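A.B. asks: Chains as they are written, first to last, in the numbering used here: chain A, 34 to 323; chain B, 17 to 412.
Think of the hints as simulated: they come from the structure by calculation, not from any bench.
Being a predicted model, the structure only gives us computed values, none of them experimental.
Heads up, the beta-carbon is just placed ideally off N, CA and C, and yes, glycines get one too.
Honestly, I wouldn't trust all of these hints.
Below 27 Å or equal to it, Euclidean Cα-Cα: the simulated DSSO-like pairs (lysine-lysine) are [to be verified]: (1) B/115 to B/53; (2) B/377 to B/396; (3) B/252 to A/166; (4) B/115 to B/157; (5) B/102 to B/377; (6) B/318 to B/93; (7) A/166 to B/157; (8) A/166 to B/318; (9) B/252 to B/267.
Sample of chain A residues at the chain B side, in silico, Cβ under 7 Å [what the hints assert, rightly or not]: (10) 84; (11) 173; (12) 175; (13) 179; (14) 180; (15) 181; (16) 182; (17) 185; (18) 194; (19) 277; (20) 279; (21) 290.
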Amino acid sequence: MTTDSAGRRLAGALHRRPRLRLGLLLAAPLTWLLVAYLGSLAVLFLSAFWTTDPFTSDVVRSWTTDNFRTLLSAPVYRTVALRSLGVAAAVTVIDAVVALPIACYTALVAKPSRRPLLVVALLTPLWASYLVKAYAWRIILANGGPLDWALGPLGLHSPGYGLTAVILVLAYLWLPYMILPIHAGLEQLPANLLDASADLGARTWRTVRSVVLPMVLPSVAAGSVFTFSLSLGDYLAVQIVGGRSQLIGNLIYANVTLNLPLAAALGTVPVVAILLYLLAVRRSGALRSL
Amino acid sequence: MRSALKSLVAIGVLALATACSSTPAKTAPDGSFTPPKLTAQQSLGAGEGQVNLIAWAGYVENGSDDPKVDWVTPFQKQTGCQVNVKVAGTSDEMVNLMKSGQYDAVSASGDASLRLIASGDAAPVNTDLVPSYQDIFPSLKLQKWNSVNGVAYGIPHGYGANLLMYRTDKVSPAPTSWGAVFQPDSPYKSHITAYDSPIYIADAALYLAKTKPELGITNPYALDQRQFDAAVALLKQQRANVGEYWSDYLKEVSAFKSGDSVLGTTWQVIANTAQGEQIPVKAVLPDEGATGWSDTWMLYSKAAHPNCAYKWMDWITSAKTNAQVAEYFGEAPANQKACDNTSDKNFCAEYHAGDAAYYQKIAFWTTPIPQCVDGRRNVKCVPYADWVQAWTAIKG
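Using the sequences and the hints, build the whole thing.
C.D. replies: Here it is, written out as structure tokens:
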């Protein structure tokens, strides 16, 4: 009885103070966002200005901009950064091209009763461990492996381990992240727009170009943010199928063990790249309807 | 939004405050150092119930890789110390893992051990508490990679050479020189493999010491700028022929299995594993000699389970266990009595255990420092930090 009335009083107090209500609701997630998420980014950026003892590789906390100077002056970092951007862009384009027809089918063509099942089927690869999938590709791409065997009759070979393999594997790994937003976008496409287009005499291709594509572009942009940023930060696929090539993630990984400040400076490169990418996507207006 | 900014500033100030209050470890410009003052444990208490180890692949085997290969279970039964192991692929990884503070002991090679001592991560070891220590080959005791000023910082484990492995069905004639992995017009282009660590630059320097005497390289870890540049140039040229670099030993086994790699650096244990999987490979010590390692079990200075760690150091270097691990890994044991316990009675002779003349042929891993370790005083050598940068540039 007493707890009930106390509960009522609390509810009443909260009802009269909407700001307190909002504060209590958002306190936990905001603390998480600020301390764990932005806080760690701040510490990362800060540690990029430190240096290490050359012998013990202990972090020495004295202020220096040497790491950024190294980053800008040594050609190897520029090459690797550009290569990583190229890989991320290639993966994004491949995923967009593959995902569009699939999402069109699951969201518009397939029987409505089957659509949830198809979405589940598209998500099943996400249930398997990243490492298992990457190592499976290591075997698929191996010398004399399944891909060699399948391409053999056509006179072709597996690309072997290298950048092509990395792009292939990353495009495979991140494909669901591209399909899902496009599927969601197409599902919201009002059917009467398609009917109107047909009534006005547009054929399939014209409808796709003038109605579907403009409406679905924000979804592609949302998916591309996933594929682009995930590819830019990846270092495991490169280690497993990349052969002798290295991306920005590998440089960070290699330096984390010995030169944390330089690794932190390198870590700002993908952060800046993704911020610029997000700004570009925003300028294009694609994020407005999200 | 404004409150968000305020919090960010507060975090930044907090981080700065902690940053300014720390005292960095100092190394003299010539590379010599005084280790932080630490005292070794005086007596051994009861075991803590577990011990966390960092080890090379094949050093801490509990039967999960091969049911017949197990020296961890008897240790656990005898001491009640549960063994948790983290396998590391490079010395750099080991140094970094030790800094995480979660481990009690590490099987450090010579290129990690001094760094660990200088940073205060490795504690002096009271060898009286390790009965096996009296049977260790005297030539391994109190050496420059496991002691400072006559104070032992660990118990020697064993030593061996980095070998050249090749697929017997794909590589002919059989290679006898490191030239096989360094020649520019190799018939095995894209199928050569190399160890993925800056310390591999020493392998190129060792080859140059024999093939380009005009460079005057006497020790592959003491390279002046001209010698270093020559080694880096050789490795950049080698990169064109490399299929992939390895530091994970299972990855190397899989590459040799599929034939993606047919020729390259290896450890004996990897060759043994590959042969166990019926892969036609052979590992040889090339004519030029080789780089190698001499490993030491070292104790973390703030170990949470020091008594179990001491018990482990004694167990792994005891005659019987040391023989088992040496035979499994393919290295010379550090315990002289281990030679009576090997299943192959010629084992110690084959691996030249205790043979001082043999180790002249092996250039043991050591950390390159500005003060040339070959004794030259008129020139500065390239320190390891620059090796790390160069390795990034070599891989491109």
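A.B. asks: Compare the structure with each hint and give your call.
C.D. replies: Hints, verified against the model:
no. : hint           : verdict
1   : B/115 to B/53  : holds, 18 Å
2   : B/377 to B/396 : holds, 25 Å
3   : B/252 to A/166 : violated, 32 Å
4   : B/115 to B/157 : holds, 25 Å
5   : B/102 to B/377 : violated, 31 Å
6   : B/318 to B/93  : holds, 26 Å
7   : A/166 to B/157 : violated, 47 Å
8   : A/166 to B/318 : violated, 39 Å
9   : B/252 to B/267 : holds, 22 Å
10  : 84             : violated, 9 Å
11  : 173            : violated, 11 Å
12  : 175            : holds, 4 Å
13  : 179            : violated, 11 Å
14  : 180            : violated, 12 Å
15  : 181            : violated, 10 Å
16  : 182            : violated, 12 Å
17  : 185            : violated, 15 Å
18  : 194            : holds, 6 Å
19  : 277            : holds, 5 Å
20  : 279            : holds, 5 Å
21  : 290            : holds, 4 Å
Hint violations for this structure: numbers 3, 5, 7, 8, 10, 11, 13, 14, 15, 16, 17, all remaining hints satisfied.
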